[in-house]
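**Q** Sequence:
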Amino acid sequence: MKRFSEEHEWVELVEGTATVGITAYAASELGDITFIELPETGVVLGQGEVLCVVESVKAASDVFVPIGGTIVEVNGKLEEEPELLNESAENDAWICRLNEVDASEMEGLMTEREYETFTSSDDDV
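Read in the working numbering, the sequence shown has 37 at position 12, and its numbers run on one by one without any break.
Quick caveat, the hints were computed from the structure, so don't treat them as lab data.
The beta carbon of each residue, even a glycine, is placed where N, CA and C say it ideally should be.
Heads up, a few of these hints could be off.
[Said to hold, decoys possible] In silico DSBU-like cross-links for lysine-lysine, where the CA-CA straight-line distance does not exceed 35 Å:
1) 83 - 102
2) 27 - 83
3) 27 - 102
[Stated by the list, open to error] Distance windows between CB atoms, simulated:
4) 129 - 83: 14 to 24 Å
5) 40 - 137: 16 to 26 Å
6) 73 - 137: 13 to 23 Å
7) 83 - 41: 32 to 42 Å
8) 32 - 129: 17 to 27 Å
9) 75 - 133: 12 to 22 Å
10) 128 - 57: 11 to 21 Å
11) 138 - 105: 31 to 41 Å
12) 145 - 116: 20 to 30 Å
13) 75 - 101: 12 to 22 Å
14) 116 - 75: 20 to 30 Å
With the hints as extra help, turn the sequences into a complete structure.
**A** Printed below as a string of structure tokens:
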């Protein structure tokens, strides 16, 4: 089950582990991504808290965690290759994985179709 936030993050929950990243729309709006400050494993975040910072040629942007949990893994490839966020934002360029998540928090997020409608009328990331 994959869901999307109004802040342009995605989360996919599989067997109690949530994988989190930014959407392809966000990556496109940011332009060429040049740096990401990854979070640390073991950190516990509540829904909506700042997960990390992504920098591009256009701007620096906070990335928020769409559901709360404990960070158990980060995608270290992004430190060496932040451009992966532009190339594969919703697949290979996931940012982190969370455990100890509250699956009910997924209910307040958008489906893919709802997110597509949301972004078609959104002028600002």
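**Q** None of the hints should be skipped; say for each whether it holds.
**A** Right, here's what the structure says about each hint:
no.	hint	result
1	83 - 102	22 Å, holds
2	27 - 83	28 Å, holds
3	27 - 102	22 Å, holds
4	129 - 83: 14 to 24 Å	35 Å, violated
5	40 - 137: 16 to 26 Å	20 Å, holds
6	73 - 137: 13 to 23 Å	21 Å, holds
7	83 - 41: 32 to 42 Å	36 Å, holds
8	32 - 129: 17 to 27 Å	19 Å, holds
9	75 - 133: 12 to 22 Å	18 Å, holds
10	128 - 57: 11 to 21 Å	35 Å, violated
11	138 - 105: 31 to 41 Å	35 Å, holds
12	145 - 116: 20 to 30 Å	22 Å, holds
13	75 - 101: 12 to 22 Å	20 Å, holds
14	116 - 75: 20 to 30 Å	23 Å, holds
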